[in-house]
Amino acid sequence: MSDTLSKIEKRTAYILILPAVFLVFSIILFPIFANVWISFKEVGLKDIRIPEPRAKKIVKSIKDNPDQLKVIYKLRNSSLILEIRDVKFQDKFPKNIKPINLDERCRVKSNKINCEFGNWEAKYRENFQILLKSSDGTPINKKELKTIKPKLKGKSDNILLNTNFTLKNFKKVFFQNEFFDLLSTTFYYTFFGTIGSIIFGILTAQLVNQKFFGRTFMRSVLLFPYVGPVVALAYTWELLLDPYSGTLNNLLMNFQVIQEPLNLLGQKYLTINFLGFDLKLRLALTTVIIFEIWRYFPLAFLFILARLQAVPKELYEAAEVDGAGPFQKFINITLPQITAVISILFMIRFIWNFNKFEDIFLLTGGASGTRTLPINVYEQGFTISDIGMGSAVSIVIVALLLIFMFVYFKLIGKRADEN
Amino acid sequence: MKTKSLIYYSLISSIFLFSLVSIWKILVTLQGVELKNFNFVIIITLGIAISLLNLIIGEKLNYLIKSTLFALIFTFVDGHIVQVMPIWYNIGIFSILIFFSLKINKYNQKYLASEHSSQIVLFDFLTLFGIVLFSFVILFPFYMMLITSFKTQAALLINPLDFSINFKQDFKELFKSYFVIFDTYNFGRYILISTFVSVGTVIVTLIFAIPAAYAVARLNFFGKNFLSTSILIIYMFPAIVLVIPLYTVFSQLGLRNSMGGLLIVYTATTLPVAIYMLQGYFRSIPKELEEAAIMDKLNWFGIIIKIILPLSIPAISSVALYVFMIAWNEFLFSLMFLDNPNSFTLSRAIQYLSGDAETPRQYLMAGSVVVTIPVLLIFVYFEKYLVSGLTAGSVKG
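For the protein sequence lines, the chains are U and Z, in the order given. Using this note's numbering, read the first sequence as starting at 7 and increasing by one per residue. Using this note's numbering, read the second sequence as starting at 26 and increasing by one per residue.
Please note that the accuracy of each hint is not assured.
Derived DSBU-like pairs (lysine-lysine); straight-line CA-CA distance at most 30 angstroms [unchecked claim]: (1) K335(U) / K322(Z); (2) K52(U) / K66(U); (3) K249(Z) / K322(Z); (4) K322(Z) / K217(U); (5) K335(U) / K312(Z); (6) K409(Z) / K331(Z); (7) K312(Z) / K217(U); (8) K335(U) / K197(Z); (9) K76(U) / K13(U); (10) K319(U) / K409(Z); (11) K69(U) / K118(U); (12) K128(Z) / K98(U); (13) K128(Z) / K13(U); (14) K335(U) / K249(Z); (15) K217(U) / K249(Z); (16) K331(Z) / K217(U); (17) K322(Z) / K16(U); (18) K217(U) / K27(Z); (19) K331(Z) / K319(U).
Cβ pair distances, simulated, as ranges [said to hold, decoys possible]: (20) P385(Z) / N260(U): 22 to 28 angstroms; (21) F193(U) / Q134(Z): 16 to 22 angstroms; (22) S116(U) / I232(Z): 44 to 50 angstroms; (23) F218(U) / G57(Z): 30 to 36 angstroms; (24) L276(U) / Q178(Z): 28 to 34 angstroms; (25) P342(U) / T254(Z): 37 to 43 angstroms; (26) K286(U) / H105(Z): 51 to 57 angstroms; (27) Q178(Z) / K62(U): 26 to 32 angstroms; (28) K135(Z) / F410(U): 35 to 41 angstroms; (29) I232(Z) / L276(U): 40 to 46 angstroms; (30) S32(U) / L314(Z): 17 to 23 angstroms; (31) N130(Z) / F410(U): 35 to 41 angstroms.
Keep in mind the hints are simulated off the structure, nothing from the lab. Where is the CB? At the ideal position from N, CA and C, for every residue including glycine.
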């Protein structure tokens, strides 16, 4: 009895989860594997359009001959690189019309014309024409003729499905792509963005965890950057930071903090003279990191605040009795209570920052030293139009992420064992 | 009284005062008033003087009289330094000073003599300072976005610091950028598309996620643990690595530039987090209710519809709002999959608008306001649901 019940349970469970699992697998897991396949191929953006036979139909009347018409089909192969085999063509005519002097590739069957054009090489073009004659003397309805569209069919190779593989893409990724530059920029961006957002998250959570007037309002406001649409926020920042008409530069110059406007998003290095040393600061990268911190510290804030509110008040009271000041309370009570959240946050934010694309793309487009790996995926795939290369870079990202996750869980697992 | 806490107290309070006054000065500058200097030294000195005076006077004077006195002195000196300023500038300074004096009123000589007083003073002022600074830094870009959308190109070029709005002008002139983006750039259509895609994503995601979450929360089946961990791992996986294969497949299937394509991708990317959030909530519903339902010979479908759904309205609405915001704000996939202006979403439309260097930026900002306002309104109105949803189950440690 219970055996059949658990069987029913299992079956229901599978019915309930299958649609979701199927969708997630086909949209998220399949592409990850497809990336592996594509990354070993030389595929450009133009190769992925399946070649199609196309025909543009033009109807022309013939002078001095009202019951005859000329139909011209501009035939072409849409692809510039691939051939189409066994092109089949079909068009219909109104009943009262008969074609005359028909091309030998074609056959008439009742009111249909079927043609077999054979193979079309890449870029193939032909002007194909048919003369039509009204069989019962009534004039031909030109409009009706025009509205009927011809049908074309053909077979072609799909470059993605053949089995020609190459290692070229990976060779290019590692040796011709300034790979280590990319990697270090990505790590700078990810690391400082993560650390910064966590530090600001701790500060603001500590802040909102105290009682003051307008505390709930403050909590909403702190989350604004996180819930606002990235497009709007990025363009607002771009305006704010514009070297000539931006508010920030004008304010700083107005109050004589700086003499020359700073191109915060367009300048790769800023040289600062500090105690006689020339320090080179990656200016655009720093700006992008600051935007990143501004936008994502609310997540850290939210998590840490939730944790702080769960810390028992007695702990603080006991510490007060022992004569601890606010600073000691923070170090000895608050910090140990939130380390677990911080380590989770660190992982989540590290992974997400590592893959962040939109923010940099909208702010700098990857120029002036802000090209990270995700930006490179887009550039390779859609700016240089090399899909294979883009996929190869994606694979590198996934591999790095897996390594990171592995190391992280090893470390966290070890710590958990020790406790 | 310790000298250390005295120094701490006077320095920190005056730095706090300085930052308040400076932020006010920045805001005033943005109204087109010419103000060139923060007068750091003078204000710090004044601040220290007021803080010390506060200690000396102590409770000999009523605190209201004391605050007014400080505020008047400061406003007078500051007004003398910066010379001719509109009267509202001085009123602002006066209010800041009243606020500041009321804040420092609680410190007296006895208080500063107590243990840890310097630390407490530091923490108190850091809190105040943090509140002011963070509100300013966060709200300023939003403020700028809104104001710029009401300005004209010429006004913006003449004085980029003038954020004042002329409310006397015609309604049509004031909202000109909004009229332009709706008339010329078709934003009405984009709002419809964005709404359709986001609401569609919410509905489809819930239809898929509720049964799946129920199964994960309640039923026993082979591979359950594997599934619930892989949900989380998939959630961590980056969208950017999905883009190229999806682009190729969608091109070949003709799903690019279609709302259906976007709907599929958005649903798939939000499903893991939706399932994760929902199953956490379903677990908290008492099992006895379902057992009673099984006795009544309800099948699983009936249980979900009649018992689980009515009980989890809060969780479902929080997931729905969360998914809506993700779909509404989404940019990467709409950039990849849409290149025909007829099928743009709002985010993509704004990005397209900015691609043309000729586009005046007040139009860009008007578009940004249009895309931002719905999310912020939803967020502020339903904040409780959203925040609990964001943190529910995700904070374990």
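Comparing the hints with the structure gives:
1. For the suggested pair K335(U) and K322(Z), the alpha carbons sit about 57 angstroms apart, so the restraint of at most 30 angstroms is broken.
2. Distance restraint check for K52(U) and K66(U): the Cα-Cα separation of roughly 34 angstroms exceeds the 30 angstroms cut-off, and the hinted pair is therefore not satisfied.
3. This hinted pair checks out: K249(Z) and K322(Z) have alpha carbons roughly 25 angstroms apart, not beyond 30 angstroms.
4. Simply put, K322(Z) and K217(U) have alpha-carbon atoms about 52 angstroms apart, too far for the 30 angstroms limit, and the pair is violated.
5. At most 30 angstroms may separate the alpha-carbon atoms for a hinted pair to count; K335(U) and K312(Z) exceed this at roughly 42 angstroms.
6. Using a Cα cut-off of 30 angstroms, the hinted pair K409(Z) and K331(Z) holds, with the two alpha carbons roughly 26 angstroms apart.
7. For the hint linking K312(Z) to K217(U), the alpha-carbon distance of about 39 angstroms lies beyond 30 angstroms, and the restraint is violated.
8. Note on K335(U) and K197(Z): the hinted pairing is violated, with a Cα-Cα distance of about 57 angstroms set against a maximum of 30 angstroms.
9. With a CA separation close to 70 angstroms, the supplied pair K76(U) and K13(U) exceeds the 30 angstroms bound.
10. Distance check on the hinted pair: K319(U) and K409(Z) sit about 23 angstroms apart at the alpha-carbon level, within 30 angstroms; holds.
11. For the proposed pair K69(U) and K118(U), the alpha carbon gap of about 26 angstroms is at most 30 angstroms, so the pair holds.
12. About 88 angstroms separates the Cα atoms of K128(Z) and K98(U), which puts this hinted pair outside 30 angstroms; it is violated.
13. Taking the CA atoms of K128(Z) and K13(U), the gap is near 69 angstroms; set against the 30 angstroms cutoff, the hint is violated.
14. For the proposed pair K335(U) and K249(Z), the alpha carbon gap of about 43 angstroms is over 30 angstroms, so the pair is violated.
15. At most 30 angstroms may separate the alpha-carbon atoms for a hinted pair to count; K217(U) and K249(Z) exceed this at roughly 44 angstroms.
16. The hinted pair formed by K331(Z) and K217(U) fails the criterion: a straight-line CA distance of about 42 angstroms is larger than 30 angstroms.
17. Straight-line distance between C-alpha atoms of K322(Z) and K16(U) comes to about 18 angstroms, which keeps the hinted pair within the 30 angstroms bound.
18. The hinted pair formed by K217(U) and K27(Z) meets the criterion: a straight-line CA distance of about 28 angstroms does not exceed 30 angstroms.
19. Simply put, K331(Z) and K319(U) have alpha-carbon atoms about 41 angstroms apart, too far for the 30 angstroms limit, and the pair is violated.
20. Between P385(Z) and N260(U) the beta carbons are some 24 angstroms apart, a value that agrees with the proposed interval 22 to 28 angstroms.
21. For F193(U) and Q134(Z), the Cβ-Cβ distance of about 53 angstroms falls outside the hinted range of 16 to 22 angstroms, so the restraint is violated.
22. Range check, S116(U) to I232(Z): Cβ separation about 48 angstroms, and the 44 to 50 angstroms hint holds.
23. Taken as a hint, the range 30 to 36 angstroms holds for the pair F218(U) and G57(Z), whose Cβ atoms sit roughly 33 angstroms apart.
24. Between L276(U) and Q178(Z) the Cβ separation comes to about 30 angstroms, which falls inside the hinted range of 28 to 34 angstroms.
25. Separated by about 28 angstroms at the C-beta atoms, P342(U) and T254(Z) break the suggested range of 37 to 43 angstroms.
26. Between K286(U) and H105(Z) the Cβ separation comes to about 45 angstroms, which falls outside the hinted range of 51 to 57 angstroms.
27. Against the hinted window of 26 to 32 angstroms, the Cβ-Cβ separation of Q178(Z) and K62(U) comes to about 43 angstroms, which falls outside the hint.
28. Between K135(Z) and F410(U) the beta carbon distance is about 55 angstroms. The supplied range of 35 to 41 angstroms is therefore violated.
29. For I232(Z) paired with L276(U), a C-beta distance near 52 angstroms fails the hint of 40 to 46 angstroms.
30. At roughly 35 angstroms, the beta carbons of S32(U) and L314(Z) sit outside the given window of 17 to 23 angstroms.
31. A beta carbon spacing of about 52 angstroms between N130(Z) and F410(U) contradicts the range 35 to 41 angstroms that was offered as a hint.
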